[in-house]
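Trainee: Once you've looked at the hints, dock chains U, V, D, F and L against the given chain Y.
Chains as they are written, first to last, in the working numbering: chain Y, 1 to 135; chain U, 1 to 135; chain V, 1 to 135; chain D, 1 to 135; chain F, 1 to 135; chain L, 1 to 135.
Don't read these hints as lab results, they were simulated from the structure.
Warning: the hint list may mix true and false statements.
Said to hold, decoys possible - Here are the computed lysine-lysine pairs in the BS3-like style, where the Cα-Cα straight-line distance is at most 27 Å: (1) Y:K61 / Y:K94; (2) Y:K94 / Y:K54; (3) U:K17 / F:K54; (4) F:K54 / F:K17; (5) F:K94 / L:K17; (6) D:K54 / Y:K54; (7) U:K94 / Y:K61; (8) L:K54 / V:K54; (9) V:K94 / D:K94; (10) U:K17 / F:K94; (11) L:K132 / F:K94.
Bear in mind that the values here come from a model prediction, so they are computed numbers and not experimental data.
Number of protein chains: 6
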Amino acid sequence: MPMVPMIEYDRATPPVKAIYDDIMATRNSNWVNNFWKVIANHPATLRRMWATIKEVMAPGKLDPLTKEMLYIAVSVTNNCEYCIHSHTAGARAKGMTDEQLAELLAVVGLANETNRLANGYQVPVDEQFRPKQGA
Amino acid sequence: MPMVPMIEYDRATPPVKAIYDDIMATRNSNWVNNFWKVIANHPATLRRMWATIKEVMAPGKLDPLTKEMLYIAVSVTNNCEYCIHSHTAGARAKGMTDEQLAELLAVVGLANETNRLANGYQVPVDEQFRPKQGA
Amino acid sequence: MPMVPMIEYDRATPPVKAIYDDIMATRNSNWVNNFWKVIANHPATLRRMWATIKEVMAPGKLDPLTKEMLYIAVSVTNNCEYCIHSHTAGARAKGMTDEQLAELLAVVGLANETNRLANGYQVPVDEQFRPKQGA
Amino acid sequence: MPMVPMIEYDRATPPVKAIYDDIMATRNSNWVNNFWKVIANHPATLRRMWATIKEVMAPGKLDPLTKEMLYIAVSVTNNCEYCIHSHTAGARAKGMTDEQLAELLAVVGLANETNRLANGYQVPVDEQFRPKQGA
Amino acid sequence: MPMVPMIEYDRATPPVKAIYDDIMATRNSNWVNNFWKVIANHPATLRRMWATIKEVMAPGKLDPLTKEMLYIAVSVTNNCEYCIHSHTAGARAKGMTDEQLAELLAVVGLANETNRLANGYQVPVDEQFRPKQGA
Amino acid sequence: MPMVPMIEYDRATPPVKAIYDDIMATRNSNWVNNFWKVIANHPATLRRMWATIKEVMAPGKLDPLTKEMLYIAVSVTNNCEYCIHSHTAGARAKGMTDEQLAELLAVVGLANETNRLANGYQVPVDEQFRPKQGA
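This is chain Y alone, in the form it adopts within the complex:
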């Protein structure tokens, strides 16, 4: 059970309903997921987070599936159960296969491993890896 009640479509205020409608229209779906129903308790946050997600997750120089997979990588590293489920579902809906998920998680696991070896040994950054700027 969430820390605040979920705002179902039927009892939402018109501004909240308008955002729910936009979520469904944008996603071409006929339901709103729990994240938004919870966030809707604070309409300013609902408006801001939806605008942000629409902008950040839109196709750009990275395609939407790559963005979903990056989202999974972060959510797994942070162990956010809700986010692991919602973004794995999102990536599957955009075409991610079981084998791609397996490779993604293998990279995420490995990165978490070498992150600790690098930190534990306090490996100094190679000059060759530092960004070159100027001129």
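Mentor: Chains U, V, D, F and L only, in chain Y's frame:
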């Protein structure tokens, strides 16, 4: 300064040298980065980690650039300075542009934000997001 | 189910009972929460943790509600389900409203986002932000 | 050195300059901190992040100093050096004393400790702490 | 429910069965735990992870119980519920008592606390603690 | 530079001096490390943290070297540079060899990896791993 000395090529034992040679050959480069020179203090770990990275980061159902970007996403979330530098350099060498880096970091930042909103409100996982299994 | 049994009041040893009594007296409540019943398996830790919490969470230069909200901020960032529940309940008991919780979580989410942008870009600390010391 | 060049005011494009001007006007200051100069490489992110921070950190049901302290709590937990410096400076500018900082960090440290005791023992959430909803 | 189906022994392919057999033989047990049944969806990862765990967790300069306790320390810090359960069970099977678990968790909690005090105050590393290298 | 000045022995108040003396006597050393000189700005925290560390890190059912290694495991996972240095030095002073450090970090790296595989796949806890309680 790292917690153990870095093993330079010239004073490496033959088995360590052989792995250094394979690292350079695989990457078509003429130098070995500090991570390996530090790890080389424990040859069993050097052998194991290099074999693992070669396998996991090889092209598969995900392309090598996508894998590097997933690595960055994890390293940024964990704040591993060495790994942020090495894998951002790696991704740039594979063609990542400044704009792609910007979009990548925007997704990573956003995922870290919504991870906390989902956790803080204890949003329950939607049934629709749960994996369906079996026939 | 916890990793060790919970020590209920009735079967607690006198020293454990005395701490349970102090917990209830300090909080003006008539029950002891599960955290303490689990910790009570190791009486030295029970004694030490309760003394620490009494000292750190007491009113000081920060008021108790602010301290509870800081506790929530950490617990959400670490995704500790128990602590999110216990300290959100604690903050509500001290007067936190739904809107204050919403603002708190908005800040926590945002901080987690900009933390990653700062790390991902390796933004150098401004001289103006460094503490000034001496004379 | 950051991963991308810092965009100084003098060589910024007019839209970036306009945001720099708004940052300085809002803060009643005459300089722009490095975070923004780095983010400015991706003007869409600059615009979005500044709008978000202005909205979230504005006075609301929580006062600006409390918000800065929550920001510090998260940044310390994540070990973001830049953010620790910038938000500690920000909190001091809003009146935080050394003693308040000491109490804040004592709570942050303690919360990180009990988070792990709760997780390590898998303490079950008390029914009394679960949110009550509905009539 | 896991994100992919669990591969039970009876419907496993021969190479997966061979690894399951080796897991049971190595552990002198007659069942395979869920981690492997899930990982088995990607046989290359199953093979690699099992070989790695066999190598890293084998007796060496550290005894197997110490290694299990280090595993618990990491899993508690990351809040990985599965790993907390599996490695606490593993450590108990190797002789860890309730009191040793209590001391282990007390250290883990304390380390998480002082990590944040060190970070929050940005305590500089003492010269005496830096590794001394060279002749 | 730390966020607050370091309190050197010579200008410490008598109660702070007394704790510095106890730190040096307990450790049989003739200097006080920076952590305490920073914490000393808040004498109540200095007193509490030193008492806690003396109690938790004392020999008990786990020996002091094992406790130092657990401390390293947590500090590496959290990437606390100060703590990695101070506790690696502490463990070396208690006899930890380079090879033991290598094995420790191999376990820490591996645990961080499998933590993410377990979370990413949402592997359900085996009944066999759950603690059995009662008669």
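Trainee: Give a verdict on every hint.
Mentor: Hints, one by one, checked against the model:
1. Y:K61 / Y:K94: 17 Å, holds
2. Y:K94 / Y:K54: Holds. K94 of chain Y to K54 of chain Y sits at ~16 Å (cutoff 27 Å).
3. U:K17 / F:K54: This hinted pair holds, its Cα atoms lying about 25 Å apart.
4. F:K54 / F:K17: 17 Å, holds
5. F:K94 / L:K17: Violated, at about 44 Å.
6. D:K54 / Y:K54: Between K54 of chain D and K54 of chain Y the Cα gap is close to 20 Å, so the pair holds against 27 Å.
7. U:K94 / Y:K61: 15 Å, holds
8. L:K54 / V:K54: At roughly 20 Å apart (the allowed maximum being 27 Å), K54 of chain V and K54 of chain L satisfy the hint.
9. V:K94 / D:K94: It holds: about 24 Å lies between the C-alpha atoms, which stays within 27 Å.
10. U:K17 / F:K94: 38 Å, violated
11. L:K132 / F:K94: Status holds; Cα separation ~17 Å.
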